[in-house]
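These protein sequence lines are chains H and L, in that order.
Take the first sequence: its letter number 17 is residue 17 in this note's numbering, and every next letter is one higher.
Take the second sequence: its letter number 90 is residue 90 in this note's numbering, and every next letter is one higher.
Since the hints were made in silico from the structure, they are not lab data.
Just so you know, even glycine gets a beta-carbon here, dropped at the ideal spot from N, CA and C.
Treat the hints loosely; a few may be bogus.
Cross-link-like lysine-lysine pairs, in silico, DSSO-like; alpha carbons within 27 Å at most [to be verified]:
| no. | chain 1 | residue 1 | chain 2 | residue 2 |
| --- | --- | --- | --- | --- |
| 1 | H | K58 | H | K15 |
| 2 | H | K57 | H | K5 |
| 3 | H | K42 | L | K14 |
| 4 | H | K71 | H | K58 |
| 5 | L | K57 | H | K42 |
| 6 | H | K68 | H | K57 |
| 7 | H | K57 | H | K71 |
| 8 | L | K71 | H | K15 |
| 9 | H | K71 | H | K15 |
| 10 | L | K57 | L | K71 |
| 11 | L | K14 | H | K5 |
| 12 | L | K11 | L | K57 |
Here's a subset of chain H near chain L, in silico, CB distances under 10 Å, partners left out [claimed, not checked]:
| no. | residue |
| --- | --- |
| 13 | G16 |
| 14 | G17 |
| 15 | F89 |
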Amino acid sequence: QQQVKQSPQSLIVQKGGISIINCAYENTAFDYFPWYQQFPGKGPALLIAIRPDVSEKKEGRFTISFNKSAKQFSLHIMDSQPGDSATYFCAAGSTGTASKLTFGTGTRLQVTL
Amino acid sequence: DTGVSQNPRHKITKRGQNVTFRCDPISEHNRLYWYRQTLGQGPEFLTYFQNEAQLEKSRLLSDRFSAERPKGSFSTLEIQRTEQGDSAMYLCASSFTSAHNNEQFFGPGTRLTVL
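Next up, chain H with everything else stripped away, as it sits in the complex (with noise of 0.2 Å):
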């Protein structure tokens, strides 16, 4: 059972442009959502999180934008640049318990020049 949906799969965006990605969650417990870049043969970096308390939080050119009665939550990315192309992944956790995280597909951004 997949608890984190993401979308798009894919994502091509012109320098300077806005990236957009979303990810909705089924699991009423989680109350912590992180988002991830990862480059080809590197591990996940985490970039900005958000907790359900707050509707929105921004970091740089990066901002999460939350929505708790839909479940739903998206990355913005600023002024996309050419080194921002990578992977990115959603994911939930729920601090009170185990604090796994229960992660998304993918995103894969392309940002071009």
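Dock chain L against chain H, hints included.
Frame of chain H; chain L shown alone:
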């Protein structure tokens, strides 16, 4: 470098052989996680340790898999009688988990190829 380290980075083995991977977490991190990632998929949880205690194992972790974390420091993941379906990237992550923090930091992974 004070990040999570994993060894070896790559392992090629023949079906039926045993393999062991090592993970060294960030110093003083009390939780250590193992995940498996296949091509084109997100990481899938396998097991985790709180200090030296193994507290949860996924259904993905068959009897051929065993993990240890002696003394609550480094961890090893052993796969016995490897199968071609075990080919994947094995990722280790660590965290210092408190009531308000659950940030998990991943290592570079060990890529296993079973021939």
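Now for the hints, and whether the structure bears them out:
no.	hint	verdict
1	H:K58 x H:K15	holds (20 Å)
2	H:K57 x H:K5	holds (21 Å)
3	H:K42 x L:K14	holds (24 Å)
4	H:K71 x H:K58	holds (19 Å)
5	L:K57 x H:K42	holds (24 Å)
6	H:K68 x H:K57	holds (14 Å)
7	H:K57 x H:K71	holds (16 Å)
8	L:K71 x H:K15	violated (49 Å)
9	H:K71 x H:K15	violated (30 Å)
10	L:K57 x L:K71	holds (19 Å)
11	L:K14 x H:K5	violated (35 Å)
12	L:K11 x L:K57	holds (23 Å)
13	G16	violated (28 Å)
14	G17	violated (25 Å)
15	F89	holds (5 Å)
Violated hints, in rising order: 8, 9, 11, 13 and 14; the structure is consistent with all others.
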